[in-house]
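**Q** Residue strings, one per chain:
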Amino acid sequence: MMSGYRFLRMIRGSLLAAILLVAAVFVLFPFFWMLSTSLKTEGRGMKFEFLPRRVAEVGPVEIDTAGVRVGEIQFDRTTVDETGVHPALRSAGADEVIFVAEEAKGKRVSGRLFPKDTEVWAAREALPAGNWKITYTVKRGWKAAFFNLYTFNNYRRLIRNKSFPFKTYLFNSFLVSVSAAILTVILCALAAYVFAKKEFPGKTVLFWSFMAAMMIPGMMYMVPQFAIVTQFGWINTLQGLVVPHLANVFGLFLLKQFMEAIPDSLLEAAEMDGATETTKFLKIITPLSMPSLAILFLLTFITQWNNFFWQLIVNTPDSPYITLPYGIALFRGQYETKYELMMAASSFSIVPIVILFLFTQRYLIEGLTAGGVKE
Amino acid sequence: MSTRQTHREVVPFLLPFTVIFVIFLFFPALYSIYLSFRKASLYSDLTNIFTTMKYVGFQNYIDLLHDRDFLWSLVMTTYYGILVVPPGIFVSLVLAALLSNRLPGHKIFRSAFFLPNVLDLFVVSIVWTAIYAPKLGVLDQLFHALKLPVLFKHGILADPVWALPGIALMVILKDSGFGMILYLAAIQNIPRDVYEAADIDGATAWQKFTKITFPLVKPVTLLLIVTGILRSLMAFPEIYALTQGRPFQEIPNWVPYFAGATLGMTKIAGYYLFEKFYLSYQYGYAAAMSVILLFISLPLSFLSFFALRTEGPSVGEMWRKWRRSRRGISMGNAEGESTSPFGEGLKPGEVG
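Going down the list, the sequences are from chains A and B.
In this text, residue positions in the first sequence follow the working numbering: the first is 1, and each later residue adds one.
In this text, residue positions in the second sequence follow the working numbering: the first is 376, and each later residue adds one.
Extracted from the complex, chain A is given alone in its bound form (with noise of 0.2 Å):
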């Protein structure tokens, strides 16, 4: 009886595992197929294909060979992308490339091809005029194989990017979400400090107007926000970037509510002392409120980090300070159907949020639930 009860609970127990790993399956799944994209040679990332093959078949490939000058046809000429490169000929590393050539006529014609530098494969002869469908057989090690389909080339080539300096845009990202975090936790701690611990004459009103801001929505200022930074001239600047945000009210509302929590008598004993306001607030407070500063400075960093829409608004395509969303916006308008090229500029912005989350989930999670989210 005991058993069968045990036993039921652990098919309840493996059924909610499962649906529990389903889900979670389902709401990582997109990161996952960034990931494996970005970390794959060009044309194989948005394939189902994820272990390297030593023995690959390519093709069939059309090559049109009238009007090529007799005696040598490379055959990675092909019509088949734009670079005329097939990708699984380009790449070097390839022992063995074996040919089959057919004409729709019927003519067969199957060789070896050579090694002409290590980029490209070419044919000792050439094939008589006309169309032609060719598969090729590949033949390589394990190195080679798995890295015909792996690569670093596609963060290779957006790091080192003129026109689209991802670079540039990951330190802009970073400046500006360091910049904003710290300045807004040092405004908020400030003013903080003299909500939680002093009495003024228009306390409470004071303090209500800006728990009132929290009712709008954020969409709401985009207009007169930006109009004021225009007449600022703060467009393309970093204060553009970072200013306006700075008055976070959920801020003020989160450290007010660990300060309350520091005791009086801690504050009267350094005024005996003599302590000024200034020497209470870095001695004391500051270090008391430690683990609610952290909270505010790493919420602060993603809201920051993630803030496209201000980011959009502020910058100019030939602003200094494009950050890392605004940038793979402007890089997505040439390179929109680039998905490897696309993926990897992707992770630029999530990989560094996602290392900061593992390491300081439990601090974010209590962070974003205490407020609800403000946005």
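Hints in this document: simulated from the structure, not taken from any laboratory.
It is possible that part of the hints are untrue.
Calculated pairs, EDC-like style, for lysine to aspartate or glutamate (alpha carbon to alpha carbon, straight line, at most 16 Å) [said to hold, decoys possible]:
{"#": "1", "chain 1": "A", "residue 1": "Lys198", "chain 2": "B", "residue 2": "Glu384"}
{"#": "2", "chain 1": "B", "residue 1": "Lys586", "chain 2": "B", "residue 2": "Asp574"}
{"#": "3", "chain 1": "A", "residue 1": "Lys162", "chain 2": "A", "residue 2": "Asp318"}
{"#": "4", "chain 1": "A", "residue 1": "Lys203", "chain 2": "B", "residue 2": "Glu384"}
{"#": "5", "chain 1": "A", "residue 1": "Lys107", "chain 2": "A", "residue 2": "Glu62"}
{"#": "6", "chain 1": "A", "residue 1": "Lys139", "chain 2": "A", "residue 2": "Glu96"}
{"#": "7", "chain 1": "B", "residue 1": "Lys510", "chain 2": "A", "residue 2": "Glu336"}
{"#": "8", "chain 1": "B", "residue 1": "Lys583", "chain 2": "B", "residue 2": "Asp568"}
{"#": "9", "chain 1": "A", "residue 1": "Lys283", "chain 2": "A", "residue 2": "Asp264"}
{"#": "10", "chain 1": "A", "residue 1": "Lys197", "chain 2": "B", "residue 2": "Glu384"}
{"#": "11", "chain 1": "B", "residue 1": "Lys586", "chain 2": "B", "residue 2": "Asp576"}
{"#": "12", "chain 1": "A", "residue 1": "Lys197", "chain 2": "A", "residue 2": "Glu277"}
{"#": "13", "chain 1": "A", "residue 1": "Lys280", "chain 2": "B", "residue 2": "Glu384"}
{"#": "14", "chain 1": "A", "residue 1": "Lys283", "chain 2": "A", "residue 2": "Glu271"}
Please build the complex by placing chain B on the supplied structure of chain A, with the hints as guidance.
**A** Same frame as chain A, but now just chain B:
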């Protein structure tokens, strides 16, 4: 005398925050209304466009009420809200209910579901273009592999009927982890003995869920409904990244008012506002639109405020209790309820 001393010392602490607040939050709220009564002249250049705007009275508002695209965007926003909010809440609740069993590894699952929340919606949407892409995309390959008929010739995002549900699916998968965390906190706050009593009465699992769990997590549900509505009203990055308001479709004759017009099937209010502002530089018009949207969203905020107030323990309270019981990270006042500026029930931010 000592009080006067204190006041002066308060100023340097308050000033930086207040100055930024006034310039970039308080003033813009008023400036928005001011701009909504004005129109940018065609010939002024960008540097002084805002100073040369002409006063046009209520013209912008009148135009908006006759703007078929705007009214259509409100219709589509409502539809989008229906697509995103209830299914999102459902998924959150189911995930939380499953996780509350504390299976081995539940923390890993919790992190996995929550992770997409901290990522940029715009970039995540870009990632989803690789899933929704015609032919090459995961969805089409999957349909192909399963030998299902290809429903969307040019990809789901080019399909007038399914584009918006496609976007909604992405948003639900990205955001439901957040609701899950809140529900989880709420569920684990329900005292065990309530369930034990139900067990003694012979209640089934379903009865326990509908009669105990669901009513007791109502505040979270309300919070998610309201934030969901507000987010739908302001939704922008997902539309910008995936469809930019496309596809366009001629509205059939049986639809009142919109019949015959060719309208964007994913052009929801947030995106339309952006379009008027960013693409056609109609700043006054966009400002007027944002004021109208504000007047739609404010009552909703207040509604939630009162709904949440009267519904027993607030989300904030539940969350704090749960966190204290589980990890003992001290945050805020241990008995911080009385210090809340929002009174007993609600903590700010919960309104969205």
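**Q** Are the Cα atoms of A:Lys283 and A:Asp264 separated by 16 Å or less?
**A** Answer holds: A:Lys283 to A:Asp264 is near 14 Å, not above 16 Å.
**Q** Assess, step by step, whether the Cα of A:Lys197 is no farther than 16 Å from the Cα of B:Glu384, and give holds or violated.
**A** Holds, because 12 Å separates the two Cα atoms, which is no more than 16 Å.
**Q** Does B:Lys510 pair with A:Glu336 here, judged by a C-alpha cut-off of 16 Å?
**A** Between B:Lys510 and A:Glu336 the Cα gap is close to 15 Å, so the pair holds against 16 Å.
**Q** So if I understand the rule, the pair passes when the alpha-carbon distance is 16 Å or less; does B:Lys583 with B:Asp568 pass?
**A** Judged against 16 Å, a Cα distance of about 12 Å means the pair holds.
**Q** Given the hint that A:Lys107 pairs with A:Glu62, test it: the Cα-Cα distance must not exceed 16 Å.
**A** Holds, because 14 Å separates the two Cα atoms, which is no more than 16 Å.
**Q** Verify the proposed pairing of A:Lys198 with B:Glu384, using a straight-line Cα cut of 16 Å.
**A** holds (10 Å)
**Q** Assess, step by step, whether the Cα of A:Lys162 is no farther than 16 Å from the Cα of A:Asp318, and give holds or violated.
**A** Holds - the C-alpha atoms of A:Asp318 and A:Lys162 are around 13 Å apart, at most 16 Å.
**Q** For the pair supplied as a hint, A:Lys139 and A:Glu96, is the alpha-carbon distance within the 16 Å limit?
**A** It holds: about 5 Å lies between the C-alpha atoms, which stays within 16 Å.
**Q** Run the distance test for A:Lys197 versus A:Glu277: straight-line Cα separation, threshold 16 Å.
**A** holds (11 Å)
**Q** With a cut-off of 16 Å on the C-alpha distance, tell me whether B:Lys586 and B:Asp576 pass.
**A** At roughly 13 Å apart (the allowed maximum being 16 Å), B:Asp576 and B:Lys586 satisfy the hint.
**Q** Please verify whether A:Lys203 and B:Glu384 have alpha carbons no more than 16 Å apart.
**A** Holds, at about 14 Å.
**Q** Check the hint pairing A:Lys283 with A:Glu271 against an upper bound of 16 Å on the C-alpha distance.
**A** Holds, at about 12 Å.
In terms of the numbered hints stated before, the structure departs from none.
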